[in-house]
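Fit chain B to the supplied structure of chain A, relying on the hints for placement.
Order-wise, the sequence lines are chains A and B.
All residue numbers for the first sequence refer to the numbering used here, where the first residue is -8 and numbers rise by one.
All residue numbers for the second sequence refer to the numbering used here, where the first residue is 73 and numbers rise by one.
Please keep in mind that the hints were generated in silico from the structure rather than gathered at the bench.
Quick reminder that beta carbons are idealized off the backbone N, C-alpha and C, glycines included.
Possibly wrong hints are sitting among the right ones.
[As the list claims (entries may be wrong)] Here are the in silico distance ranges between beta carbons for each label pair:
(1) A:70 - B:120: 55 to 65 Å
(2) A:112 - B:260: 28 to 38 Å
(3) A:37 - B:75: 25 to 35 Å
(4) A:109 - B:123: 45 to 55 Å
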Amino acid sequence: MLSVLTGSLPYLLKGAVVTLALSVAVVGLGTLLGVALGILATTRSRLAGSFVTGYIFVLRGIPVLVIMFLGYYAFPAFGLRVSAYVAVGLAQIVYVGAFVAEITRSAILAVPAGQIAAARSLGMRRPAILSQVILPQAGRIAIPPLLNSALTAVKQTSYASVVGVWELTYAAREVVERTLAAFQIFLGVMAIYFLICYPLSLAARWSERRLAFAH
Amino acid sequence: MDYAAQTAAFLLAQFPKLSAGFLITLALSAAAIPLALALGLVLLAPRMARSALARGATVGYVDLMRNTPLLVQIYLIYFGLPVLGFFPSEFSCGVAGIALQHGAFLVETYRAGIESVSDRQREAARALGMGRLKAFRLVILPQALMRILGPLGNQLIVLIKDTSLVSAIGVAELTMTGKVIIERSAASAEIFVAVGLFYLVLTSVVGAAFRLVEHRVAERM
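This is chain A alone, in the form it adopts within the complex:
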């Protein structure tokens, strides 16, 4: 019964490696971008604040698949030739960045104002307050939602297959078209995604519980 799945497993695992690489790049760079934007949003600059607010509003209101298509077609429109991986990867980074920016901004705003006043009364300067007082506390608050956002980002890499990027889900469709064994292949692929995603899920849940006790 499972012969089709076992026969195709090496091919699917190759796809899983691409999915993992794509996930690491998207989660890593998307989180970096989002944290930078989130910090920018809490500076004194009004312009920066409204830019980040607009960025978050627009991207969170649009499906990631549409942003991927936009990225895929935008580069050629500007006369640039980049691989589909780069175009779609960048689109995902920009998208994940919006969610992470919102998480970072609310975590920073959740740090009690008294902490900042206390740091200032100790004579600390703004950069020192940010790095030594605000970010360590905001980081603790932000960890559970950041892990959840990473989980969502990993699952979203599968949508790149719709735009024509070869990864696990694309590989699965190829195998199903060849073998017609839809159940075995898609259930097998779900199992592979589960193995990648479940540890993230557990980490998110664990950190939620730990941080709930810490407060």
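Just chain B now, kept in the frame of chain A:
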């Protein structure tokens, strides 16, 4: 004509097609939202049951849905059911996939709202002589609903955005329409800016409606 005028004229000409796709997106959402809301409610009883088996089975289902991509779930339904001799339409497969996934998320939203109501509220209601059900209906539920509204609105916005995935199995909704226009004309990325705007308007309106309801409910309580 310069670029801006040309693009504007082109997008304007595509407006009827995009609107038709938008209507399908609305129909997908309108079909999937009640199903997902209902599935979440159905799963709530076993999720919060005393029986460890019922709880375990529900958590297993929720974890499976949470840790696998919706796109693969939709493929499983769309390509899997014909193997079993069922041939539902692409539209139904998409709606089923979205409802099955979001029902799993919603049961956790409901549960979190209910569990956020302090145990003392329940104890007080019981001490006043209310039965379990009555205490739930009159004391727990109204307070829980209040706290559920915010996350519920966010979840439904995610659901609406997820209808775009049904384009992968060939439903001519908004995203698919954008792709088809690109393939059949000289259009390029601009069409997806227009597609994005349609989604943005829809999700903003739904978001604003939820905030309004939340505000009204908060005022009454």
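Hints, one by one, checked against the model:
no. : hint                      : verdict
1   : A:70 - B:120: 55 to 65 Å  : 58 Å, holds
2   : A:112 - B:260: 28 to 38 Å : 57 Å, violated
3   : A:37 - B:75: 25 to 35 Å   : 32 Å, holds
4   : A:109 - B:123: 45 to 55 Å : 50 Å, holds
In this structure, only the earlier hint numbered 2 is contradicted, and the remaining ones agree with it.
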